[in-house]
Amino acid sequence: LRKADLEINTAYKTVFRSGKVIDLTAKEYTLLEYLMRLDGRIASRHEIVEAVWDVNFDTGTNVVEVYINFLRKKIDRQFEPKLIHTKQGLGYFLNVLPPA
Numbered sequence: 001l002r003k004a005d006l007e008i009n010t011a012y013k014t015v016f017r018s019g020k021v022i023d024l025t026a027k028e029y030t031l032l033e034y035l036m037r038l039d040g041r042i043a044s045r046h047e048i049v050e051a052v053w054d055v056n057f058d059t060g061t062n063v064v065e066v067y068i069n070f071l072r073k074k075i076d077r078q079f080e081p082k083l084i085h086t087k088q089g090l091g092y093f094l095n096v097l098p099p100a
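So the sequence shown is numbered by this note's numbering: it starts at 1 and just counts up by one.
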């Protein structure tokens, strides 16, 4: 899977940004792969919880926001363009946005 300079090798569960290996936890990897497979579509918190966490997961927690923040620190902080975005009130998506 590839978006801009972000690449996931799903066979080996490895992630690269600009050719640099990005170390992710298993849950971070699962979340990133899920967002990449959506190909720019917005995923709600509920959709993310269903896809990445257990069905009986407590949706009252902020764990989705926490893990999105973890991914932003590892995937976006040192790189351009930023790829992980929030659509207020709707959810999260991974895509290259045109310059404002």
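Mixed in with the good hints there might be a few duds.
Claimed, not checked - Dumping the calculated BS3-like pairs for lysine-lysine here, alpha-carbon to alpha-carbon at most 30 Å:
{"#": "1", "residue 1": "Lys20", "residue 2": "Lys82"}
{"#": "2", "residue 1": "Lys3", "residue 2": "Lys82"}
{"#": "3", "residue 1": "Lys82", "residue 2": "Lys13"}
{"#": "4", "residue 1": "Lys13", "residue 2": "Lys87"}
{"#": "5", "residue 1": "Lys27", "residue 2": "Lys82"}
{"#": "6", "residue 1": "Lys87", "residue 2": "Lys20"}
{"#": "7", "residue 1": "Lys20", "residue 2": "Lys73"}
{"#": "8", "residue 1": "Lys3", "residue 2": "Lys87"}
{"#": "9", "residue 1": "Lys20", "residue 2": "Lys74"}
{"#": "10", "residue 1": "Lys74", "residue 2": "Lys3"}
{"#": "11", "residue 1": "Lys87", "residue 2": "Lys74"}
{"#": "12", "residue 1": "Lys20", "residue 2": "Lys3"}
{"#": "13", "residue 1": "Lys87", "residue 2": "Lys27"}
{"#": "14", "residue 1": "Lys73", "residue 2": "Lys3"}
{"#": "15", "residue 1": "Lys13", "residue 2": "Lys27"}
Unchecked claim - Computed spacing ranges between beta-carbons, pair by pair:
{"#": "16", "residue 1": "Tyr12", "residue 2": "Gln88", "range": "31 to 41 Å"}
{"#": "17", "residue 1": "Thr10", "residue 2": "Lys87", "range": "36 to 46 Å"}
{"#": "18", "residue 1": "Gly19", "residue 2": "Gly60", "range": "32 to 42 Å"}
{"#": "19", "residue 1": "Gly19", "residue 2": "Lys82", "range": "33 to 43 Å"}
{"#": "20", "residue 1": "Thr25", "residue 2": "Leu1", "range": "31 to 41 Å"}
{"#": "21", "residue 1": "Arg2", "residue 2": "Phe70", "range": "15 to 25 Å"}
{"#": "22", "residue 1": "Lys20", "residue 2": "Gly60", "range": "17 to 27 Å"}
{"#": "23", "residue 1": "Gly60", "residue 2": "Phe16", "range": "30 to 40 Å"}
Hints are computed from structural coordinates only; laboratory data are not their basis. Ideal Cβ placement from N, Cα and C applies to all residues, glycine included.
Structure-based check of all given hints:
{"no.": "1", "hint": "Lys20 <-> Lys82", "in the structure": "holds (16 Å)"}
{"no.": "2", "hint": "Lys3 <-> Lys82", "in the structure": "holds (11 Å)"}
{"no.": "3", "hint": "Lys82 <-> Lys13", "in the structure": "holds (22 Å)"}
{"no.": "4", "hint": "Lys13 <-> Lys87", "in the structure": "holds (27 Å)"}
{"no.": "5", "hint": "Lys27 <-> Lys82", "in the structure": "holds (21 Å)"}
{"no.": "6", "hint": "Lys87 <-> Lys20", "in the structure": "holds (28 Å)"}
{"no.": "7", "hint": "Lys20 <-> Lys73", "in the structure": "holds (14 Å)"}
{"no.": "8", "hint": "Lys3 <-> Lys87", "in the structure": "holds (19 Å)"}
{"no.": "9", "hint": "Lys20 <-> Lys74", "in the structure": "holds (11 Å)"}
{"no.": "10", "hint": "Lys74 <-> Lys3", "in the structure": "holds (15 Å)"}
{"no.": "11", "hint": "Lys87 <-> Lys74", "in the structure": "holds (20 Å)"}
{"no.": "12", "hint": "Lys20 <-> Lys3", "in the structure": "holds (15 Å)"}
{"no.": "13", "hint": "Lys87 <-> Lys27", "in the structure": "holds (22 Å)"}
{"no.": "14", "hint": "Lys73 <-> Lys3", "in the structure": "holds (17 Å)"}
{"no.": "15", "hint": "Lys13 <-> Lys27", "in the structure": "holds (12 Å)"}
{"no.": "16", "hint": "Tyr12 <-> Gln88: 31 to 41 Å", "in the structure": "holds (35 Å)"}
{"no.": "17", "hint": "Thr10 <-> Lys87: 36 to 46 Å", "in the structure": "violated (26 Å)"}
{"no.": "18", "hint": "Gly19 <-> Gly60: 32 to 42 Å", "in the structure": "holds (40 Å)"}
{"no.": "19", "hint": "Gly19 <-> Lys82: 33 to 43 Å", "in the structure": "violated (18 Å)"}
{"no.": "20", "hint": "Thr25 <-> Leu1: 31 to 41 Å", "in the structure": "violated (18 Å)"}
{"no.": "21", "hint": "Arg2 <-> Phe70: 15 to 25 Å", "in the structure": "holds (21 Å)"}
{"no.": "22", "hint": "Lys20 <-> Gly60: 17 to 27 Å", "in the structure": "violated (36 Å)"}
{"no.": "23", "hint": "Gly60 <-> Phe16: 30 to 40 Å", "in the structure": "holds (35 Å)"}
The structure shown violates the earlier hints numbered 17, 19, 20, 22.
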